[in-house]
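Visitor: Heads up: the sequence lines are chains A and B, in that order. Numbered according to our numbering, the first sequence spans residues 2 to 347. Numbered according to our numbering, the second sequence spans residues 2 to 347.
It should be emphasised that the hints constitute simulated quantities derived from the structure, not laboratory data. There may be inaccurate statements among the hints.
Identical copies look the same in the list; a pair holds intra-copy or inter-copy alike.
To be verified - The list that follows gives simulated cross-link-like pairs (lysine-lysine, DSSO-like), each with its CA atoms no further than 30 angstroms apart: (1) Lys331 to Lys282; (2) Lys260 to Lys303; (3) Lys74 to Lys282; (4) Lys260 to Lys74; (5) Lys74 to Lys331; (6) Lys260 to Lys282; (7) Lys104 to Lys260; (8) Lys70 to Lys282; (9) Lys312 to Lys74; (10) Lys70 to Lys104; (11) Lys282 to Lys252; (12) Lys282 to Lys152; (13) Lys252 to Lys334; (14) Lys334 to Lys303; (15) Lys104 to Lys312; (16) Lys70 to Lys331; (17) Lys104 to Lys252; (18) Lys252 to Lys331.
Protein chains: 2
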Amino acid sequence: MPTITGSAAKAIIKGALLSERVEEPIAEYVAEGLVSTSLRGVDSHGIRLIHHYLNGIRSGRINRTPRYKVEQKFSTVAVLDADHTFGHASGMEAARIAMAMAKEHGSGHVAVKNSTHLGAAAYFALEIANHDMIGMSFTHADSLIIPTHGKRKFLGNNPVCFAAPVEGEGPMCLDMATSIITFNAVRRLREIGGTAPAGVGADAEGRPTTDPHQIAMLLPVGGYKGYGLSLMVEVLCSMLTGMPFGPHIPKMFEDLEQKRYLGHFVCALNIEAFQETAVFKNRMAQLVNELRNEPPLDPAQKVMVAGDPEKIREIARRRDGIPLEEPEFKQFKELNARYGLNINLE
Amino acid sequence: MPTITGSAAKAIIKGALLSERVEEPIAEYVAEGLVSTSLRGVDSHGIRLIHHYLNGIRSGRINRTPRYKVEQKFSTVAVLDADHTFGHASGMEAARIAMAMAKEHGSGHVAVKNSTHLGAAAYFALEIANHDMIGMSFTHADSLIIPTHGKRKFLGNNPVCFAAPVEGEGPMCLDMATSIITFNAVRRLREIGGTAPAGVGADAEGRPTTDPHQIAMLLPVGGYKGYGLSLMVEVLCSMLTGMPFGPHIPKMFEDLEQKRYLGHFVCALNIEAFQETAVFKNRMAQLVNELRNEPPLDPAQKVMVAGDPEKIREIARRRDGIPLEEPEFKQFKELNARYGLNINLE
Numbered sequence: 002m003p004t005i006t007g008s009a010a011k012a013i014i015k016g017a018l019l020s021e022r023v024e025e026p027i028a029e030y031v032a033e034g035l036v037s038t039s040l041r042g043v044d045s046h047g048i049r050l051i052h053h054y055l056n057g058i059r060s061g062r063i064n065r066t067p068r069y070k071v072e073q074k075f076s077t078v079a080v081l082d083a084d085h086t087f088g089h090a091s092g093m094e095a096a097r098i099a100m101a102m103a104k105e106h107g108s109g110h111v112a113v114k115n116s117t118h119l120g121a122a123a124y125f126a127l128e129i130a131n132h133d134m135i136g137m138s139f140t141h142a143d144s145l146i147i148p149t150h151g152k153r154k155f156l157g158n159n160p161v162c163f164a165a166p167v168e169g170e171g172p173m174c175l176d177m178a179t180s181i182i183t184f185n186a187v188r189r190l191r192e193i194g195g196t197a198p199a200g201v202g203a204d205a206e207g208r209p210t211t212d213p214h215q216i217a218m219l220l221p222v223g224g225y226k227g228y229g230l231s232l233m234v235e236v237l238c239s240m241l242t243g244m245p246f247g248p249h250i251p252k253m254f255e256d257l258e259q260k261r262y263l264g265h266f267v268c269a270l271n272i273e274a275f276q277e278t279a280v281f282k283n284r285m286a287q288l289v290n291e292l293r294n295e296p297p298l299d300p301a302q303k304v305m306v307a308g309d310p311e312k313i314r315e316i317a318r319r320r321d322g323i324p325l326e327e328p329e330f331k332q333f334k335e336l337n338a339r340y341g342l343n344i345n346l347e
Numbered sequence: 002m003p004t005i006t007g008s009a010a011k012a013i014i015k016g017a018l019l020s021e022r023v024e025e026p027i028a029e030y031v032a033e034g035l036v037s038t039s040l041r042g043v044d045s046h047g048i049r050l051i052h053h054y055l056n057g058i059r060s061g062r063i064n065r066t067p068r069y070k071v072e073q074k075f076s077t078v079a080v081l082d083a084d085h086t087f088g089h090a091s092g093m094e095a096a097r098i099a100m101a102m103a104k105e106h107g108s109g110h111v112a113v114k115n116s117t118h119l120g121a122a123a124y125f126a127l128e129i130a131n132h133d134m135i136g137m138s139f140t141h142a143d144s145l146i147i148p149t150h151g152k153r154k155f156l157g158n159n160p161v162c163f164a165a166p167v168e169g170e171g172p173m174c175l176d177m178a179t180s181i182i183t184f185n186a187v188r189r190l191r192e193i194g195g196t197a198p199a200g201v202g203a204d205a206e207g208r209p210t211t212d213p214h215q216i217a218m219l220l221p222v223g224g225y226k227g228y229g230l231s232l233m234v235e236v237l238c239s240m241l242t243g244m245p246f247g248p249h250i251p252k253m254f255e256d257l258e259q260k261r262y263l264g265h266f267v268c269a270l271n272i273e274a275f276q277e278t279a280v281f282k283n284r285m286a287q288l289v290n291e292l293r294n295e296p297p298l299d300p301a302q303k304v305m306v307a308g309d310p311e312k313i314r315e316i317a318r319r320r321d322g323i324p325l326e327e328p329e330f331k332q333f334k335e336l337n338a339r340y341g342l343n344i345n346l347e
């Protein structure tokens with residue numbers, strides 16, 4: 002399988018965006034967000050999205066040169082109007098504002114409106130945790146999940162993301178969608194002729210099915226619990242921002258002229274406001290290492306903590322590059338040529 | 002089955018606590034918290050706990066006359082030292098402090114340390130939502146859940162609770178434990194000779210079992226997702242407070258002389274800081290009613306939103322009383338007699 006280095010992928014993505022007249026800081030956030038996500042092994046939200054994003058720029062959905070507006074009535078809450086630019090950029094702007102608030106007042110909360118696809122929620126929470134704060138990030142998304150006892154999709158696969166710094170290593174990071182499996186996993190099962198586990202998806206009529214070709218909607222993780230978490234995220238991202246909710250959100254892959262009107266929610270907590278940051282980080286290390294040293298049920302599968310699989314993949318991919326399917330690699334070569342970027346891909 | 006009215010249960014609980022020389026405001030919070038929880042149908046965290054709490058007072062675990070200390074370095078964060086009193090009281094004190102911060106600064110966060118059993122997390126988040134703010138509450142708990150790939154319990158069944166006001170009705174409220182089923186449900190299966198679903202529990206060696214008599218530990222909801230949420234709550238309640246974590250927390254039902262050293266985390270967000278509260282509440286009503294009007298897969302089971310089952314039960318129990326098993330009813334009659342309360346229980 003071909004691979005691409007993080008730096009080459011970043012150069013191509015940023016070069017393509019700049020060629021499409023995207024403002025430099027915005028192109029930087031998108032390129033950094035996509036590449037860091039692929040390096041962590043989260044391919045569904047990584048570099049492969051650049052092609053969709055470029056279509057979104059050309060169709061007029063995504064604003065290359067946004068003029069942010071920040072509405073702030075209280076010292077620790079702001080609403081950021083993203084003027085329809087990239088979620089990577091508006092989310093990172095929100096994280097910066099939230100951290101500045103938290104530094105001064107102990108906490109900061111920024112709801113983002115008029116945004117587009119956020120990318121991986123972890124990009125923002127990790128940025129905050131890398132500044133020795135607790136970071137949380139949320140976004141709503143296209144309608145995809147069936148509410149408990151329902152038969153139609155309504156809320157999106159709204160992620161919950163939480164990150165906290167750990168002494169001596171990268172942050173602990175939980176970034177979970179609220180379905181059992183992702184739709185990407187369903188597509189993958191279709192490709193390899195697999196069968197889905199029972200209880201993860203339903204067909205177009207809402208009937209449970211394990212045939213990945215029949216799966217049109219997903220079921221929430223843990224039944225009403227995943228549905229409830231998805232609703233919590235919708236409240237933070239739609240109710241607090243005035244953006245549309247669930248089935249009223251314009252679809253990601255349809256009608257690319259249409260703005261998305263997405264909302265996000267980003268929060269930073271200043272650890273120092275609670276207790277000494279050094280003590281917190283040392284105790285975090287104690288907690289995660291005690292968990293990792295728990296005896297496994299099957300000696301072949303060690304106990305890990307949230308974010309460990311991504312840390313393991315990141316070491317390998319920084320060393321070996323990001324693996325791409327042959328057609329995906331070809332797409333990157335085409336971008337390289339189309340925009341005359343002359344990045345070495347061998 | 003015998004029943005007890007909410008007001009009779011409250012009078013007995015408060016009377017018993019006052020007779021044990023618990024300070025009046027603390028007795029009020031405990032009585033109100035337990036009764037409101039039972040009225041909402043959450044029997045595991047309701048009035049039946051009073052007997053355990055009375056033992057905890059007499060053994061010296063729970064402080065009748067706490068002297069709270071509030072440490073505050075930033076305007077929207079405080080740490081409340083609960084001086085080992087009831088979690089119901091310290092959690093409500095935390096909610097009051099968080100709401101006062103949120104009123105002035107947009108948000109408020111209070112970590113509670115040196116506390117005891119919190120009771121139902123919803124009691125605090127609902128109090129905040131009933132003041133037209135978004136409320137969140139969390140507590141860690143006795144080690145009970147096996148981390149993914151592990152074979153020993155480590156973290157507790159740490160609940161995530163989120164509540165938001167809705168125009169024309171009580172708040173939407175998600176209050177979810179991070180296991181698939183509760184240990185109370187396991188005990189109930191033992192009593193009725195039932196079998197547990199596959200994948201919810203494990204025996205003392207960590208091996209999956211469906212025999213409720215063999216189940217010694219619980220599995221997290223959604224595998225690593227529930228485990229990750231439980232870890233998130235542990236970070237908020239233990240890492241931010243300096244309280245012990247997971248297996249190091251003194252057990253609820255063992256060694257009643259031992260303090261619990263529990264931590265909680267309570268947060269309030271001022272909706273007005275984001276947008277007009279009236280608009281928010283009206284859109285919340287639109288959201289929850291659209292969900293309730295979704296066509297059900299099975300016409301006998303309607304689509305609900307988080308908190309709906311509790312709202313339905315509360316209407317019935319406010320009308321008909323709180324149902325009690327015969328031995329439980331007898332225990333309340335005994336309290337009534339022992340403390341000379343003369344509450345009418347017929």
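Visitor: Decide, hint by hint, whether the structure agrees.
Guide: Hints versus structure:
no.: 1; hint: Lys331 to Lys282; in the structure: neither (43 angstroms within a copy, 50 angstroms between copies)
no.: 2; hint: Lys260 to Lys303; in the structure: neither (44 angstroms within a copy, 34 angstroms between copies)
no.: 3; hint: Lys74 to Lys282; in the structure: between (33 angstroms within a copy, 19 angstroms between copies)
no.: 4; hint: Lys260 to Lys74; in the structure: within (27 angstroms within a copy, 43 angstroms between copies)
no.: 5; hint: Lys74 to Lys331; in the structure: neither (49 angstroms within a copy, 55 angstroms between copies)
no.: 6; hint: Lys260 to Lys282; in the structure: between (41 angstroms within a copy, 25 angstroms between copies)
no.: 7; hint: Lys104 to Lys260; in the structure: neither (34 angstroms within a copy, 34 angstroms between copies)
no.: 8; hint: Lys70 to Lys282; in the structure: between (35 angstroms within a copy, 24 angstroms between copies)
no.: 9; hint: Lys312 to Lys74; in the structure: neither (39 angstroms within a copy, 34 angstroms between copies)
no.: 10; hint: Lys70 to Lys104; in the structure: both (22 angstroms within a copy, 24 angstroms between copies)
no.: 11; hint: Lys282 to Lys252; in the structure: between (41 angstroms within a copy, 26 angstroms between copies)
no.: 12; hint: Lys282 to Lys152; in the structure: between (45 angstroms within a copy, 26 angstroms between copies)
no.: 13; hint: Lys252 to Lys334; in the structure: within (29 angstroms within a copy, 60 angstroms between copies)
no.: 14; hint: Lys334 to Lys303; in the structure: neither (39 angstroms within a copy, 52 angstroms between copies)
no.: 15; hint: Lys104 to Lys312; in the structure: within (27 angstroms within a copy, 40 angstroms between copies)
no.: 16; hint: Lys70 to Lys331; in the structure: neither (39 angstroms within a copy, 63 angstroms between copies)
no.: 17; hint: Lys104 to Lys252; in the structure: neither (37 angstroms within a copy, 37 angstroms between copies)
no.: 18; hint: Lys252 to Lys331; in the structure: within (27 angstroms within a copy, 59 angstroms between copies)
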